[in-house]
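Please build the complex by placing chain B on the supplied structure of chain A, with the hints as guidance.
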Amino acid sequence: MGIGDKPRYDPWTILIYMGLVVMGWFSIYSAAPVVEHGSLLDMEMVYGKQLLWIGMALFLIVIILAIEVKFYERFAGLIYIIALISLIGLFVFGKEINGAVSWYGIGPMTLQPSEFAKCATALAVAKYLSQLNVSLKNPKDFMIVAGIILLPMLLIIPQPDPGSALVYAAFFFALHREGLSLWYLSLGVIALALFLGSLVISIWWIFLIVVAVLALMYTLSRKRNHKKRLPKPNPYVYIIAGIVCMGYSLSSSYIFENVLKDRHRNRINIVLGRVEDDAGIGYNINQSEIALGNGGWTGKSLSEATQTRGGYVPEQHTDFVFSAVGEVSGFLGATLVIVFFMLLIYRIIIMAERQRNQFARIYGYGVAGIFFLHFFVNIGMVIGLLPTVGIPLPFMSYGGSGLWGFTILLFIFVKLDAHRMSYDH
Amino acid sequence: MKKLLLLFIVTLVGCIYIGRLFYLQILSDDLKVQAENNAVKTVYEYPERGFIYDRNGELMVANQVAYDVMIIPNEVKEFDTLQLCQLLQIKKEHLSKKIADAKHWSWRKPSVVIPQLTQLEYAPLQEKLRKFPGFYIQRRSLRKYMVDHSASVLGYIREVNQAKIEQDDYYQLGDLAGKSGIELQYEEELRGEKGYKKYTRDHFGRAIKPYKEGSQNLDPVAGTDLTVTLDTELQAYAEQLMVNKRGGIVAIQPKTGEILSLVTAPNYDPSILMGRDRSKNINAIIRDSVRLPNVNRALQAQYSPGSPFKVINALVGLQEGVVSTSERFRCNHGYDYGGRKKLGCHAHASPLAMEKGIAESCNSYFAQVYRRIIEKGDTSAEGMDTWNKHVTSFGLGNFLGYDLPVGLPGRIPDGDYYNARTKYKWYAPMTISNAIGQGEVATTPIQLANMTAAIANRGYYYTPHIIKAMNGKPINDPKYTEKHFTTIDPQHFEPVIEGMNEVYNSGTAKWVQVPGIEICGKTGTVENKTKIDGKTVQLTDHSVFIAFAPKDDPQIALAVFIENGYWGSRYAAKIASLLIEKHIKGEITRTDLENYLMTHSLEYEYAKPYSGKEFKINEAIDNGLIKPGDSLHRPDPNDILK
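Line order of the protein sequences matches chains A and B.
Under the numbering used here, think of the first position of the first sequence as 1, with each following residue one higher.
Under the numbering used here, think of the first position of the second sequence as 1, with each following residue one higher.
Isolated chain A (complex conformation) (with noise of 0.2 Å):
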């Protein structure tokens, strides 16, 4: 027995989760269809059912922090086989919702195995990087980790599910931490940005500002250079590269006319500026920055948050959470779930940082980029920032495959942090 061997669960982060569920709650009980609300553990609503899935996620808590802490990792290739099978199993078995098959239904219950697939995931990524002599360096291994990232993505695409796909993104971070460069970061913002920039603004300012770009890239570069005594940099590389963004560009607006499918340029549209159509396409967003605008400061009152209460924002239990949380709790309210959701990723990191064991690092990594992920993603979404992208709010979403998952996923890293004193290879 030595000094680690008592686990210490880290209070902080379970505060934060606590408040999160709490006040997550509280906002789905705010935005509930109902003109009075009955009691409290009504099944018939959606308050009522979160409620209890609550008292189920404090059970799977349980159960996670007194299974023994070295099965995540032994079993995490099995844990990850499951949860394919299981994306694979929907194709057969799946029950379509919205359009969607995503879920199976369990009698009166659907269950949706991509919130879990992604902490199966991360448990793989974790697992298969921090064996001995695997290194993102080695092609063969970068491959490897990629196709156990890749694989569910393509599973979840054709469900449709894009939304819950695009959250994979977020092993880049876990990834660049063990090594993977940033251009592959860096290359996908710019192929964004072009991309983005070229539907809104004339194509010859992109030309200009990409030629600007890279003339002063290259000239700092040759100064770097000279100091250091290297070598001057190949001119032509930089030439390249500017014939390569100009042709992207310039197909960009092709990509975006006859690739992208009506809805996706309808959202993108919408977040752009380039149609303004509140009554129809832009109808969401407008009406979640409506019941954002109507909180003020501090809120207001059950009686008196008209939007929430009137039911003006659709999906606003599930996927548009946030705006119930604004209207309801006010600007202090909305800041505060956004500095809980800044402070839980910054804990993870930290916690991430201080494990003596690489699979609890990466893992904890894998962590703290899907949480990031579904913050940017989903809660740019409501405040009008980015386009509609159909995921939901860690733990204060309506749902309970949602909550389970991402309680999974972030016990579990606390399960191993709480013993990374004793828990080594």
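Honestly, I wouldn't trust all of these hints.
[To be verified] Covered stretches of chain B, going by a simulated chain A footprint (3 or more residues, C-beta under 8 Å):
| hint | segment |
| --- | --- |
| 1 | 21 to 31 |
| 2 | 36 to 48 |
| 3 | 114 to 120 |
| 4 | 280 to 288 |
[Claimed, not checked] Away from chain B, derived, C-beta distances all over 12 Å, residues of chain A:
| hint | residue |
| --- | --- |
| 5 | G94 |
| 6 | G107 |
| 7 | P108 |
| 8 | K140 |
| 9 | H264 |
| 10 | V382 |
[Said to hold, decoys possible] 35 Å max Cα-Cα, derived DSBU-like pairs, lysine-lysine:
| hint | chain 1 | residue 1 | chain 2 | residue 2 |
| --- | --- | --- | --- | --- |
| 11 | B | K342 | A | K261 |
| 12 | B | K3 | A | K140 |
| 13 | B | K2 | A | K137 |
| 14 | A | K223 | B | K3 |
| 15 | B | K2 | A | K227 |
| 16 | B | K131 | A | K228 |
| 17 | B | K585 | A | K95 |
| 18 | B | K144 | B | K32 |
| 19 | B | K2 | A | K49 |
| 20 | B | K32 | A | K223 |
Treat the hints as calculated values from the structure; they're not laboratory data.
Glycine included, C-beta positions come from ideal geometry on N, C-alpha and C.
For chain B alone, kept in the frame of chain A given last:
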């Protein structure tokens, strides 16, 4: 670096999002307004519009209930178009156009689809309309006319147009507001203030509960009942006499300035501007460019006044001391002032002094008096200015300031007027037509009536007005109780009034005397021209008459203008006499005059310029005799359409 990337990005995103929240929740007031628009359903309550009573308390205009079919496009769900069209009794295209209009105006605010359904038309709708979300019924108070005359002075109410909504945010699409006449002039008093009840509603548009416990509700304020100075009996009688004629009548009570009667012809029944056909009828009236029923001739027709204007020149002459009451002037079938043509006159005894000069309406007499007035000045312009000062003191040549929304200023020239029009030095004879109320002088019937009232009062007038009391309380507006004095001294009026009395006793109007009433008057026969296909053509003279009575205690002063009625006593003096008799005695003894007017139409005169043929004017025989039964025929709206 690799440890910090996610920390950095999380911080950046968090700060951007908090900034965005600050913008949305704190800075952006617009969103709060939108939130209220979203969630608050405002149901307006229209107060009853004020009634209009005549001077004797007779109800002229009341209200009736009507039902508007309204739409809020945002709340419309799919519906059976055919069934709705059947219920509303309209064509499908009409409905789609109305819906498109409503959407164009606002998705969230109500617009009118079908206005002013009667109780009968509304009954079948009542039950079924609930099947059509987004459509609903709004009760509306509409005008009910208790009289079939005075349309033009009462005015009408109509749905406000876009311009009015933008100008005054009290109004919304579909609201009714006075569009002309008294309804327009006293719109704010009559309409009251509409109230509203606010409800919280959900996204289906269903009212959930009173908004903020009803603390934001506003009770409507009832409209003010108006008592106007008109006498419905006199009004009705005057309109009856004006059938088949064109022109205007204004009768004023001299000692108060109250307008007893204000009639224009042709006219129409005010109630045709209500109900489903009102648009058709209003358009018919507005578009009739020949008979101009939309023009209130009593206020808006600017004619040369003709001979009634001579009495003013007599008064100015006396005031300026250029003529005495006894001085006689020669008349040689006119006055030769050195022009190419002399100013003609009809056959009468000569020479004449003032009293007879007025009674016989001698052109020569007034030409010479006028010339002396103008030539009294050092220059013609100076003399003209003096003359102008006296004439305009009778309320001529400018807006009178009465409380009706339309009018024209008329024209009384001054020295500058002629200086501007003439390159060379000019002299009185150039303007000699002003002496007899032709030439550059122009007046409206109400100005002539007011001028007559000033003479009746021997030197002052009150601003003519139509309002008498509000909610039964007499008005006390200094605007209508302040005497406006003319520049003529009181003693100069008596000889002129004697002359006007002589017009009745022995002069141009001796055929229309009314037993027992001392009337003072002045006939007029006004030359007038019109343009047909760019050619100026002279038409039959207008028949004009001004009068007041009784001579010593004037109770009524009036001006009657009958277009193309030839000479003053053929039509205008007859009508004036009958109205005076009606007002003072309450009954008619001169049934021969009444009979003449009821059996004679001037439509044949009005048809002449449009016949396309050569026509004679100023025919000695009145060819307007019509069958007695037809004489009481009122033009109906379809008639006006022709």
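To see whether the hints hold, each was checked on the structure:
1. 21 to 31: holds (count 8)
2. 36 to 48: holds (count 4)
3. 114 to 120: violated (count 0)
4. 280 to 288: violated (count 0)
5. G94: About 31 Å separates A/G94 from the closest Cβ of chain B, which puts it past 12 Å; holds.
6. G107: At about 32 Å from chain B, A/G107 clears the 12 Å cut-off, so the statement holds.
7. P108: holds (27 Å)
8. K140: holds (22 Å)
9. H264: Correct as stated: the minimum Cβ-Cβ distance to chain B is 22 Å, above 12 Å.
10. V382: violated (10 Å)
11. B/K342 <-> A/K261: violated (93 Å)
12. B/K3 <-> A/K140: holds (25 Å)
13. B/K2 <-> A/K137: Within the cut-off at roughly 15 Å; holds.
14. A/K223 <-> B/K3: Holds. A/K223 to B/K3 sits at ~28 Å (cutoff 35 Å).
15. B/K2 <-> A/K227: At roughly 25 Å apart (the allowed maximum being 35 Å), A/K227 and B/K2 satisfy the hint.
16. B/K131 <-> A/K228: violated (82 Å)
17. B/K585 <-> A/K95: violated (96 Å)
18. B/K144 <-> B/K32: violated (43 Å)
19. B/K2 <-> A/K49: violated (42 Å)
20. B/K32 <-> A/K223: Violated, at roughly 54 Å.
Of the hints listed earlier, those the structure fails to meet are numbers 3, 4, 10, 11, 16, 17, 18, 19 and 20, in rising order.
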